[in-house]
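From first to last, the protein sequence lines stand for chains A and B.
Each position in the first sequence, counted from 1, maps to that position plus 6 in this note's numbering.
Each position in the second sequence, counted from 1, maps to that position plus 7 in this note's numbering.
None of these hints come from the bench; they were simulated from the model.
Careful: at least some of the hints might be erroneous.
When the alpha-carbon atoms are kept at most 30 Å apart in a straight line, the in silico BS3-like pairs for lysine-lysine are as follows [claimed, not checked]: (1) B:Lys30 x A:Lys335; (2) A:Lys456 x A:Lys442; (3) B:Lys30 x A:Lys456; (4) A:Lys335 x A:Lys442; (5) A:Lys442 x A:Lys462.
Please read these numbers as outputs of a predicted model, since none were measured by experiment.
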Amino acid sequence: MNRTMYDLIGLAAGVCFILALKGLSHPKTARRGNLIGALGATIATLVVFAYNAPLNNLGWIVGAIAVGSLIGVPAARRVQMTQMPQLVALFNGVGGGAAALVAIVEYLALGDGASTAVVIFTVFTVVVGCVSFSGSIITFLKLQELMTTRPVVFPGGRFVIAATLAAVLGVSGWVVVALGTTPLLILAALSLLFGVLFVLPVGGADVPIVISLLNAFTGLTVAASGYVLDSTLLIIAGTLVGASGTILTRLMADAMGRSLFGTLFGAFTAKPQDAAAAGEERPVRSGSPDDVAILLNYARRVVIVPGFGLAVAQAQHTVRELADLMISKGIDVAYGIHPVAGRMPGHMNVLLAEANVPYDQLAEMDEVNPTFGQTDVAIVIGANDVVNPAAQTTPGCPIYGMPILEVSNSANVIFLKRSMRPGFAGIENELLYDPKTMLLFGDAKASLTKVVSALKAL
Amino acid sequence: MDAMAIVSIFVLAVFVGFEVVSKVSSTLHTPLMSGANAIHGVILVGAIIVADHSETTLELSLSVAAIILATINMIGGFVVTDRMLEMFKGNKKGADK
């Protein structure tokens, strides 16, 4: 295969990636878009084999691809809906790691023959790839709740971060001027450290935004490695992901009412929360499934607000059963979907779609908020931060400014919760202590099942 | 490749990337991110290229690690995105808002 043919096929793969992103932007074409992307990636991989045939180390290459597939495919197939966000974070991290390794190997192979431009792009790939790798691992640990989901801030933290960043930049300069393997490896280590420090202060609810940002970072490293390896396809694919990922990060931040800057550096300025300490041991009103069923039976309009708890309990089918039952009783039912309910934007839509909840029952925040005044009962299932009035009333709290579902405007609020534990952002919710709020403790699925049978019996 | 061609490709790709995702509904933020994530798994191509001309054991072991990681990113990424989007099927009615 000659170079022109190789480049043309690479270009076709690049076009596939554009069509993939375009398709993924619309619900009807999303699935096809993803398949077109997979087709592009397959073409790109096969053509490399054909162009460079016969490949050296072919056995190692094929073996490594087999190992990667054996790890990646089962992980992607078996993961539960609730754990998809952290899996995406992990996949993003290993992609960043792969880009950094590619740049390091190429640097080792080129030795003194590398031009200054190539060295600069190599340094960029190693730094950003390593940051993306270690940062993604931290977001994974946070989402998997293997470590605290709260912002991790320590005294002098911002100086440590600033010093690490300065060291990264300094060593980058050193690599460009002096060349050599040792400085490059020091640079990789410093960048890994910086990735950890960069993500640690980010609060739980903002983690999805950071994953999206790191995703864009990985895209840019792929583009830079494309320059190093003289591959137009890698430049196109990486830049596409970098650019679309940046826009997506902004869209996500907007959906949460956060400035990107505030998300990334908010932890530096956040004051300690004393409201949470003062809120302990206050009386709440808890009810039985029968109490809930009675409230629902005499309601004219009910809004269901699902959150992460629904996903954890896998209660999407049960909630649909409850909604269908209420509709059969002539009750007006809608689902109020907060854009970032759950752990990821769109998480709830995907979950409810799995239970075949009709799309027209799902109301987005802007549609449903004006209707809470006419709503008799709002049922909050395993959600907390997205209905927390502190976002509107408490300046300085970590979620202040985030648009919320204004369930407090409805006549009654029912919270299905496992415990009094605060939400992912770790902030006390005043609404729980409101006299019109009733709490039903327990696993969401078990509670809902009991409510359904109580409601049937009425 | 000359510098000007690379800059042109880069700038045009930036604008295409901005343009294709500028009006996406929040429902699709997660699948779109996941799909874009899978696309940068194409670094697998780069990993194969460096494995091809690896001469020392160190280079080859790092390349093999890069191929494994890139494959996980790419194949796992597309599979997990497909699983997310699978949930949308059978809901064609009103889905195109």
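- Pair hint outcome, lysine 442 (chain A) versus lysine 462 (chain A) [Cα-Cα no greater than 30 Å]: holds, 24 Å
- Task: Take a quick look at whether lysine 456 (chain A) and lysine 442 (chain A) sit within 30 Å of each other, Cα to Cα.
- Result: holds, 22 Å
- Task: For the pair supplied as a hint, lysine 30 (chain B) and lysine 456 (chain A), confirm whether the alpha-carbon distance does not exceed 30 Å.
- Result: violated, 42 Å
- When you check the alpha-carbon spacing of lysine 30 (chain B) and lysine 335 (chain A), does it fall within 30 Å? This hinted pair is violated, its Cα atoms lying about 39 Å apart.
- Task: Mind checking the alpha carbons of lysine 335 (chain A) and lysine 442 (chain A) for me, to see if they're no more than 30 Å apart?
- Result: holds, 24 Å
Hints 1 and 3 from the earlier list are contradicted by this structure; the remaining hints agree with it.
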